[in-house]
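Residue numbers (our numbering), protein chains in the order written: chain A, 312 to 683; chain B, 312 to 683.
Hints were generated in silico from the structure; no laboratory data involved.
Just so it is clear, the structure is predicted and the values come from calculations on it, not from any experiment.
Positions of the beta carbon are idealized from the N, C-alpha and C atoms, including for glycine.
Careful: at least some of the hints might be erroneous.
Residues from chain B that keep clear of chain A, each with C-beta distances beyond 12 Å, as calculated [as the list claims (entries may be wrong)]:
id : residue
1  : Ala382
2  : Tyr387
3  : Ser453
4  : Leu477
5  : Gly478
6  : Ser589
7  : Gly598
8  : Met616
9  : Gly617
10 : Glu623
11 : Ala624
12 : Asp651
13 : Lys655
14 : Thr678
30 Å max Cα-Cα, derived BS3-like pairs, lysine-lysine [claimed, not checked]:
id : chain 1 : residue 1 : chain 2 : residue 2
15 : A       : Lys548    : B       : Lys441
16 : A       : Lys356    : B       : Lys356
17 : A       : Lys571    : A       : Lys582
18 : A       : Lys673    : A       : Lys639
19 : A       : Lys636    : A       : Lys655
20 : A       : Lys438    : B       : Lys438
21 : B       : Lys548    : A       : Lys636
22 : A       : Lys356    : B       : Lys571
23 : B       : Lys655    : B       : Lys636
24 : B       : Lys548    : A       : Lys639
25 : B       : Lys637    : A       : Lys548
26 : A       : Lys662    : A       : Lys673
27 : B       : Lys639    : A       : Lys548
Chain A residues, not near chain B, derived (Cβ > 12 Å throughout) [said to hold, decoys possible]:
id : residue
28 : Glu385
29 : Tyr387
30 : Met440
31 : Ser476
32 : Leu477
33 : Gly502
34 : Arg573
35 : Arg581
36 : Ala592
37 : Arg595
38 : Arg628
39 : Lys636
40 : Lys637
Protein chains: 2
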Amino acid sequence: MSRFLNGRYGGLEPYTPGEQPKVPGRLIKLNTNENPYPPAPGVSKVLQWDPETAEQLKLYSDPEAAELVGAIAEYYGLETHQVMVGNGSDEILAFAFMAFQPENGRIYFPEISYSFYPVYCDIFGAKGMKVPLRDDFTVCPSDYYGAEGTIVITNPNAPTGMALSLGEIESILDANRNQLVIIDEAYVDFGGESAVSLLDGHDNLLVVQTFSKSRSLAGARIGFAMGHEDVIADLNKIKFSFNPYNLNRLSILAGREAIKDREYFRETCRKIIETRESLAAELRELGFEVLPSKANFVFARSGHMGGEEYFEALRQRNIIVRYFKKPKIDDFVRITIGTDEEMKMLIRATKEILDEKLRQEKREGMTKGEKS
Amino acid sequence: MSRFLNGRYGGLEPYTPGEQPKVPGRLIKLNTNENPYPPAPGVSKVLQWDPETAEQLKLYSDPEAAELVGAIAEYYGLETHQVMVGNGSDEILAFAFMAFQPENGRIYFPEISYSFYPVYCDIFGAKGMKVPLRDDFTVCPSDYYGAEGTIVITNPNAPTGMALSLGEIESILDANRNQLVIIDEAYVDFGGESAVSLLDGHDNLLVVQTFSKSRSLAGARIGFAMGHEDVIADLNKIKFSFNPYNLNRLSILAGREAIKDREYFRETCRKIIETRESLAAELRELGFEVLPSKANFVFARSGHMGGEEYFEALRQRNIIVRYFKKPKIDDFVRITIGTDEEMKMLIRATKEILDEKLRQEKREGMTKGEKS
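Bound conformation, chain A alone (with noise of 0.2 Å):
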């Protein structure tokens, strides 16, 4: 920390990326969520560049970004105004968390769930509410019933991957018809119901989706929120006094092109919600517990070990997972869904470590036995 750092900024303490190891060859990477398949054709396509298409990198892109904006909301059959773009659904909270902090400061999310959003509560000086998920780590609709300050949750919920149904979340709107309800909807197309269709008759609600998971663009940086014109009008004010050119030509390009291929993208979401099925019926014979899931990935816990030591296990197989060293949850691991070929080998390398484990406690057993 420098000498000029402002003071509210001292204990701030920024969120944590997933690993991104430098040489992902030899890896298997099932750590952040992304998609195991390629972006659509035609993302490859259009990145094809002629040198007079390279050269338009001269020139500032389009700070609306009318083209990438306009493709979003022609496939939700919205507006364009109800619809803004940011470069990553993660500037598109930011700015949420920004302009929709109520006057009493007050911001209500699971306990368990994203965890940036305690990050956006510091680093904007807002109250953090977490709200607790029952026993069975669902989220209760009606915990926040009445809430005093805006709410945000993700649906599906991350890293439990359990989704609300769209009557749950359109209680929580008519509960609260006077605070905003902000939809994080990263995971929503591998099994789960938007809430974009309760636009209609609900000013209160903002949905915000990205397409670093279902469209495979993670690497190109693309968010979007939708919502009532006014609720975008405010986010899009907040974004012309932060970084009004957000979105680069070559991302708006990409993204254009990836809502386009609605059949490559149903295929592709299809495929991972196969394999996750496929993956939680594996891991269950294998004695894991394994949450209901509706996103690219699952929640699962051994018996036989702890989160932490599951991870561990499979880093030294150079398979990379998701580990919280939080309370509640650190029996578990999260495991982003890969192709099938991946996920086999997953599986071989979680049956190794379960017999590695039971070999030594049969040892241990037998020690002791001696001892005793």
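Please arrange chain B on chain A, whose structure you already have, making use of the hints.
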């Protein structure tokens, strides 16, 4: 404005970017200080995607952007922990205004300068302390001695194009040892002297630069900051609490290639400087006052018409320049240096406009003469 926007942003006036025409082909675009030459050839090459490279977009970018940070550090002979990158220098400036707002809230900058500074002050609740320029539009260094807060100076300044010498910058740093001094060097490569050489011995200096001007990459959105490692760590703390993956994979590649090609960079900067000097001479011959510019634009006023009139007349001839409807500078227009060909067309249009003006004045003179 929605009923959910926090009251503190009610009066916020966003920054107004220069016009980005949707169909730029028919226009000579001299309004946002872009480079008329394409990015370095290596940029185009690295973006010639084979499908495998395009596939990498499915993975998050490196939040440290180590490849790009390393290339910048090498170029300037710095350690990598003295450099950080942002999604354009606007994002870096936003982070800096957040991080380095002093406890008394005061941030000093020239009254006539980058018009985003007062917006940053507004959004982060800082007190913008506007320091007038001298009558000749120069920044007076001693006006900043003993400032009671953070100092931000664009050097060369915009929209005047006029530069402070390295000695003058050093005098400001020495006279404010306990204040952070941010030197915004967006235009420094066109004849200014970078303050980077002053980092040794001045832990109160933060230098901000961009790839949008001298590197022909406005559309890739890359800015960077150089400073003491503690100051850079503070900026990274903000970044990792706001938007960790702020640079996308494509821009990291493009930036790395652009900064590696030193010869192309020197050559394009040299051409722009030459074109600028010719343009300034020709405008002066036509009776314009042209401030002595070290940037890739000139700030000029005609003795025969106001800035708005000249701006509009050029616009009618499909040439866009920038005009600021503000006290003290509303006689001027800011003209980005384009190719020699574009400058010829600007001069031709300007002669037409002046001729028309003259004929019109004569007609009016005659009419008046007849009447009186």
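Check: What are the numbers of the hints that this structure violates, sorted from low to high?
Finding: none
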